[in-house]
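Participant: Take a look at the letters that make up each chain.
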Amino acid sequence: EDKVVQSPLSLVVHEGDTVTLNCSYEVTNFRSLLWYKQEKKAPTFLFMLTSSGIEKKSGRLSSILDKKELFSILNITATQTGDSAIYLCALKGNTGKLIFGQGTTLQVKP
Amino acid sequence: DVKVTQSSRYLVKRTGEKVFLECVQDMDHENMFWYRQDPGLGLRLIYFSYDVKMKEKGDIPEGYSVSREKKERFSLILESASTNQTSMYLCASSHRQGAYEQYFGPGTRLTVT
Chain A
1 EDKVVQSPLS
11 LVVHEGDTVT
21 LNCSYEVTNF
31 RSLLWYKQEK
41 KAPTFLFMLT
51 SSGIEKKSGR
61 LSSILDKKEL
71 FSILNITATQ
81 TGDSAIYLCA
91 LKGNTGKLIF
101 GQGTTLQVKP
Chain B
1001 DVKVTQSSRY
1011 LVKRTGEKVF
1021 LECVQDMDHE
1031 NMFWYRQDPG
1041 LGLRLIYFSY
1051 DVKMKEKGDI
1061 PEGYSVSREK
1071 KERFSLILES
1081 ASTNQTSMYL
1091 CASSHRQGAY
1101 EQYFGPGTRL
1111 TVT
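Top to bottom, those sequences are chains A and B. Per the working numbering, the very first residue in the first sequence carries number 1; after that it's consecutive. Per the working numbering, the very first residue in the second sequence carries number 1001; after that it's consecutive.
Accuracy of the hints is not assured; some may be wrong.
[As the list claims (entries may be wrong)] Derived lysine to aspartate or glutamate pairs resembling EDC-like cross-links, with alpha carbons at most 16 angstroms apart: (1) A:Lys41 with B:Asp1038; (2) B:Lys1053 with B:Glu1069; (3) B:Lys1055 with B:Glu1069; (4) A:Lys3 with B:Asp1059; (5) A:Lys97 with B:Asp1059; (6) A:Lys97 with B:Glu1030; (7) A:Lys67 with A:Glu55; (8) A:Lys97 with B:Asp1051; (9) A:Lys97 with B:Glu1056; (10) A:Lys40 with B:Asp1038.
Hints were generated in silico from the structure; no laboratory data involved. Since we're looking at a predicted model, the values are computed, not measured.
Bound conformation, chain A alone (with noise of 0.2 angstroms):
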């Protein structure tokens, strides 16, 4: 069965930290990886991973795909407190759905 698990559940860091959450995946047929952010209501795109060992990137964010080890990785630089939401990995295998973790529950404090 396909399954995703993100880790920590949830995280308390102060502004100027840096963050990694984490993405561990089972799937029978990967397609792409990718990460949501979800702040009061819509999760929003942040990147797709496809490729393993190819860092996508954006501002102070990160992300990079191991498919040997079955893992992805996001990362933040400097938090900031709008950086406080849920963030969600979700798999795409072969038949186009998306499988969802639990979702990190990040929380940036002043």
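Could you slot chain B onto chain A? The hints should help.
Facilitator: Only chain B this time, still in chain A's reference frame:
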């Protein structure tokens, strides 16, 4: 600009009522999805649709049905609402082919009393 809209942000219904949640996308996407989101459980797929009049069960379809009469509209129906269906409901859409991401609506927080 990509847009997925849902008919209500907040909804309160009584046990046993029939509930309709509507989702509309303006991106000409073939795929549409309904999820529910509960604390500690992440997003769980209820139903999805690859095309008009086509539907597939997701991971937790019990107690729900769907309707897709037009490409842009995907409705979730709770035939007889129960308190354990109190949740946040999220609709999403995507292109059918390729590694396209899903775009989400703002969600409907449903409370069943």
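Participant: Enumerate the violated hints, using their earlier numbering and listing them in ascending order.
Facilitator: When the structure is compared with the hints, none of them turns out to be violated.
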